[in-house]
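K.L.:
The listed protein sequences derive, respectively, from chains C and D.
Going by my numbering, the first residue of the first sequence is number 1, and it counts up by one from there.
Going by my numbering, the first residue of the second sequence is number 1, and it counts up by one from there.
Think of the hints as simulated: they come from the structure by calculation, not from any bench.
Some hints could be false.
[Unchecked claim] In silico lysine-lysine, DSS-like type, Cα no more than 27 Å apart, as pairs: (1) LYS157/C to LYS294/C; (2) LYS102/D to LYS213/D; (3) LYS160/D to LYS243/C; (4) LYS229/C to LYS41/D; (5) LYS47/D to LYS138/C; (6) LYS240/C to LYS229/C; (7) LYS365/C to LYS122/C; (8) LYS243/C to LYS149/D; (9) LYS229/C to LYS58/D; (10) LYS340/C to LYS96/C; (11) LYS329/C to LYS48/D; (12) LYS47/D to LYS131/C; (13) LYS149/D to LYS271/C; (14) LYS41/D to LYS329/C; (15) LYS334/C to LYS47/D; (16) LYS240/C to LYS149/D; (17) LYS138/C to LYS41/D; (18) LYS79/C to LYS131/C; (19) LYS149/D to LYS180/C; (20) LYS41/C to LYS79/C; (21) LYS79/C to LYS138/C; (22) LYS47/D to LYS96/C; (23) LYS138/C to LYS48/D; (24) LYS185/C to LYS149/D; (25) LYS79/C to LYS47/D; (26) LYS41/D to LYS96/C; (27) LYS329/C to LYS47/D; (28) LYS41/D to LYS79/C; (29) LYS229/D to LYS79/C; (30) LYS131/C to LYS367/C; (31) LYS48/D to LYS79/C; (32) LYS48/D to LYS96/C.
Small disclaimer: the values here were computed from a predicted structure and weren't measured.
Read off the chains here:
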Amino acid sequence: MKKILALVLTLILVLALATPVMAEEEIKLTFSNFNTEEEIKNNAESAGRAWALDHFNELNAGKVQIESTAMSHDDYAIKIQAQAAADDLPDLFFLKGSWVENFAENDLMADLTEYYNALPVKDSYYAGEFKSATFGGKIYGTPMQFVSPTSLMYSNKKLWADAGYETIPATFDEVFAAAKVFNEKGIPTIALGNKDNWPYESCWISCLGDRFTGTAWFNGILARDGSAKFTDPAFVDMLKFTKALGQSGTLNADFNSISHDESISMYNQGKSASLVSGYWAVANIIGNATPEVKENTVITLLPQPAGAAGGDPNSLSNASGWFVAVNNKLEGAKREAAIKAAFELYGVDYCDHMALTYGMLSPMKVKEMKTEGVDPLTIAYNEIAGAAAASGVPVYDVELNGAIIDVMNKGLQEVLAGTLEPEALAEMIQVEQDALS
Amino acid sequence: MNERLKPTKRIFFAYLTAPIAVYVFTVIVPVFYAVYFSFFKWKSGPKKTFDGLTNYQKLVNDNVFWSSFQNNMFLTFVSIIGQIGFAFLFAMMLNSKFARAKRLHRTLCYFPVTISAVVVAYIWSMIYNYDYGLLNYFLRQAGLGDFVKPWLSDPDFALKFISLTIVWQYIGYYMVILISAFTSIDPNIFEMAEIDGANAWQRALHIALPLLKPTFVVMLTLCISGNMKTFDHVYVMTGGGPGNATSVMALYAYSISFIRNNMGYGSALSIGLLVLSLAVIMGTRWGINRLFAGKEA
Numbered sequence: 001m002k003k004i005l006a007l008v009l010t011l012i013l014v015l016a017l018a019t020p021v022m023a024e025e026e027i028k029l030t031f032s033n034f035n036t037e038e039e040i041k042n043n044a045e046s047a048g049r050a051w052a053l054d055h056f057n058e059l060n061a062g063k064v065q066i067e068s069t070a071m072s073h074d075d076y077a078i079k080i081q082a083q084a085a086a087d088d089l090p091d092l093f094f095l096k097g098s099w100v101e102n103f104a105e106n107d108l109m110a111d112l113t114e115y116y117n118a119l120p121v122k123d124s125y126y127a128g129e130f131k132s133a134t135f136g137g138k139i140y141g142t143p144m145q146f147v148s149p150t151s152l153m154y155s156n157k158k159l160w161a162d163a164g165y166e167t168i169p170a171t172f173d174e175v176f177a178a179a180k181v182f183n184e185k186g187i188p189t190i191a192l193g194n195k196d197n198w199p200y201e202s203c204w205i206s207c208l209g210d211r212f213t214g215t216a217w218f219n220g221i222l223a224r225d226g227s228a229k230f231t232d233p234a235f236v237d238m239l240k241f242t243k244a245l246g247q248s249g250t251l252n253a254d255f256n257s258i259s260h261d262e263s264i265s266m267y268n269q270g271k272s273a274s275l276v277s278g279y280w281a282v283a284n285i286i287g288n289a290t291p292e293v294k295e296n297t298v299i300t301l302l303p304q305p306a307g308a309a310g311g312d313p314n315s316l317s318n319a320s321g322w323f324v325a326v327n328n329k330l331e332g333a334k335r336e337a338a339i340k341a342a343f344e345l346y347g348v349d350y351c352d353h354m355a356l357t358y359g360m361l362s363p364m365k366v367k368e369m370k371t372e373g374v375d376p377l378t379i380a381y382n383e384i385a386g387a388a389a390a391s392g393v394p395v396y397d398v399e400l401n402g403a404i405i406d407v408m409n410k411g412l413q414e415v416l417a418g419t420l421e422p423e424a425l426a427e428m429i430q431v432e433q434d435a436l437s
Numbered sequence: 001m002n003e004r005l006k007p008t009k010r011i012f013f014a015y016l017t018a019p020i021a022v023y024v025f026t027v028i029v030p031v032f033y034a035v036y037f038s039f040f041k042w043k044s045g046p047k048k049t050f051d052g053l054t055n056y057q058k059l060v061n062d063n064v065f066w067s068s069f070q071n072n073m074f075l076t077f078v079s080i081i082g083q084i085g086f087a088f089l090f091a092m093m094l095n096s097k098f099a100r101a102k103r104l105h106r107t108l109c110y111f112p113v114t115i116s117a118v119v120v121a122y123i124w125s126m127i128y129n130y131d132y133g134l135l136n137y138f139l140r141q142a143g144l145g146d147f148v149k150p151w152l153s154d155p156d157f158a159l160k161f162i163s164l165t166i167v168w169q170y171i172g173y174y175m176v177i178l179i180s181a182f183t184s185i186d187p188n189i190f191e192m193a194e195i196d197g198a199n200a201w202q203r204a205l206h207i208a209l210p211l212l213k214p215t216f217v218v219m220l221t222l223c224i225s226g227n228m229k230t231f232d233h234v235y236v237m238t239g240g241g242p243g244n245a246t247s248v249m250a251l252y253a254y255s256i257s258f259i260r261n262n263m264g265y266g267s268a269l270s271i272g273l274l275v276l277s278l279a280v281i282m283g284t285r286w287g288i289n290r291l292f293a294g295k296e297a
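One chain only, chain C, in its complex shape (with noise of 0.2 Å):
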């Protein structure tokens, strides 16, 4: 009886063992985002990208798995940072356009222009798409985003045609004179939270540079060749007006010690007529808006500044600014299967499915949109997105150097409380420009 027992466990033992190496060996690939669970709770978009990795694992299981870590935005930037510079990157990572200058020089991520000019799918493509993870002209990226706007101004018409405006204004000079009636009430015009420095130069600033300068000065800015300058009139100008506004009442008092979602809040118990946000606060406003507020808001245009004439004055700034990337030291068929991942993964199946499910804008033009039981808000950001899509006009913070995104950032706080004279702010950031070349 012994024997027989010993004889069947001895036999069930090498089975197990046996099995594994009768399998096929199934790819794991680590990838590192900030989708995390309550981002997933929050938003659509982050429910979508969710959704898209359960998707690629089911229909890859046994043959290519990735295992996600999620954190924290802010802590994902500094942790990656670190990753980088100790060499030691995950398969997959999510790569922020103004990371690609320094992670390219430094052979971090895989070279993935041939897989991208063999995609059957590349025409489906927004344009614009991968312009801001190509550098020397490759393509180090896969975008998972919509060219999405980030500088919108959300109103309440209400209390715009009660301060006796029937329409939204046109130009900033208007705003300013509003200003006087709405501080009257006791309420500021425009929200805006800039502690975290970077919602000023993010939502205001890239459109209206623009409108003072031109994309042409831009991108000679990018190209570093000498022919643009921070000091040139029309940036100075832009920070002119900058100043301007710090100046004019239209603010909240606490403009530079509040954060975005502070002001977003703000915008949304219907405390300030107007907020200037991105794509995101749409989500935010549908979500969290009181009623009434929710009812009225219409989104719109940046106002034209005063003397601002470089640019289109209907110009708006946008980006596809967040890409997955691959990690350079993959080789063989892990490489090839992690390249494969990062096209796949909000690829054509996640596109259709934000465009069935919650009626959003994607990386990818989808044949069907859902329009019923979606939000009249969104469909509304649809519209001007949608039309603003192939403007070119970029945004700061994903395409230039950070080094220089953090003077501007820190200088620009300053401009707006009216410590720091506009022109001594260009030429810090131009001093930031000049050692980088």
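Starting from the known structure of chain C, arrange chain D on it as the hints suggest.
P.N.:
Positioned in the frame of chain C, the structure of chain D alone reads:
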């Protein structure tokens, strides 16, 4: 201690190796690495090119670094007066025979020290909030509505209000050190002085202070080094802003390293912070020794 019960030197060292190893690995080794990296041009990614003293030359000419150092010195100065000063006052009060519920006072005073700096900073930034904060609420209620400002937005006031928060949080820490130091003083000395007619002020200045000199030196060292590396409170309350008005050295090194992706220069800044902190601490100790040298003679 009974010679038989005392562990051998070998056993002492054996027990100490583990914590010392952890300390060396997490504190000492990174300092040496920082010194090493500060001589390189290192921007995001593993490539480093040897650069000599370029980073240090940049540091010497960096206006933002020196204004951050000024901010650190301001915080240190306010903390020495606020934290150690008030701690001494409270410790003297708790040491007197008139104090009741000493334990309760001690616990309540020490409680803020145990809370995370991030939480304290966040709560205080809510107090300073322009629209909803307690401070502005009380100002408005008291009819001083004209004085209401966005405190943390104002470059002139932001650092002062941050220093208030830092002082508030750590008074208890120094108070507890002083209370335990007081127990080492023979209470008879105070009683004799009181009999001789010395009032509380004279007892504090001429008896407590000189006897506690070693403790004060330790507390000053802790206070200076702690304030030289201030990060959490400033990061949460203003992020160094508006602009660089409330920037402190540690925060500047952080933003250079991780936001401007210049880790070589960031390392140089960290070493600069270390050198300046040591200089200030040494300078203060030398100053105190000179001050008390005369008195002891």
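K.L.:
Each hint: holds or not?
P.N.:
Checked hints:
1. LYS157/C to LYS294/C: holds, 10 Å
2. LYS102/D to LYS213/D: Status holds; Cα separation ~24 Å.
3. LYS160/D to LYS243/C: Given that 27 Å is the threshold and the Cα spacing comes to 25 Å, the pair holds.
4. LYS229/C to LYS41/D: Roughly 25 Å separates the two Cα atoms, so the pair holds.
5. LYS47/D to LYS138/C: holds, 20 Å
6. LYS240/C to LYS229/C: holds, 16 Å
7. LYS365/C to LYS122/C: holds, 10 Å
8. LYS243/C to LYS149/D: With Cα atoms ~19 Å apart, LYS243/C and LYS149/D stay inside 27 Å; holds.
9. LYS229/C to LYS58/D: Roughly 23 Å separates the two Cα atoms, so the pair holds.
10. LYS340/C to LYS96/C: Roughly 20 Å separates the two Cα atoms, so the pair holds.
11. LYS329/C to LYS48/D: Holds - the C-alpha atoms of LYS48/D and LYS329/C are around 18 Å apart, at most 27 Å.
12. LYS47/D to LYS131/C: holds, 25 Å
13. LYS149/D to LYS271/C: holds, 18 Å
14. LYS41/D to LYS329/C: holds, 23 Å
15. LYS334/C to LYS47/D: Between LYS334/C and LYS47/D the Cα gap is close to 25 Å, so the pair holds against 27 Å.
16. LYS240/C to LYS149/D: holds, 24 Å
17. LYS138/C to LYS41/D: holds, 25 Å
18. LYS79/C to LYS131/C: holds, 25 Å
19. LYS149/D to LYS180/C: holds, 19 Å
20. LYS41/C to LYS79/C: Roughly 23 Å between the alpha carbons, so the hint for LYS41/C and LYS79/C holds.
21. LYS79/C to LYS138/C: Distance ~25 Å between LYS79/C and LYS138/C Cα, so the pair holds.
22. LYS47/D to LYS96/C: holds, 20 Å
23. LYS138/C to LYS48/D: This hinted pair holds, its Cα atoms lying about 23 Å apart.
24. LYS185/C to LYS149/D: holds, 19 Å
25. LYS79/C to LYS47/D: Holds, at about 18 Å.
26. LYS41/D to LYS96/C: This hinted pair holds, its Cα atoms lying about 22 Å apart.
27. LYS329/C to LYS47/D: holds, 15 Å
28. LYS41/D to LYS79/C: holds, 20 Å
29. LYS229/D to LYS79/C: holds, 22 Å
30. LYS131/C to LYS367/C: Holds, because 24 Å separates the two Cα atoms, which is no more than 27 Å.
31. LYS48/D to LYS79/C: Holds. LYS48/D to LYS79/C sits at ~19 Å (cutoff 27 Å).
32. LYS48/D to LYS96/C: Holds. LYS48/D to LYS96/C sits at ~22 Å (cutoff 27 Å).
Hint violations for this structure: none, all hints satisfied.
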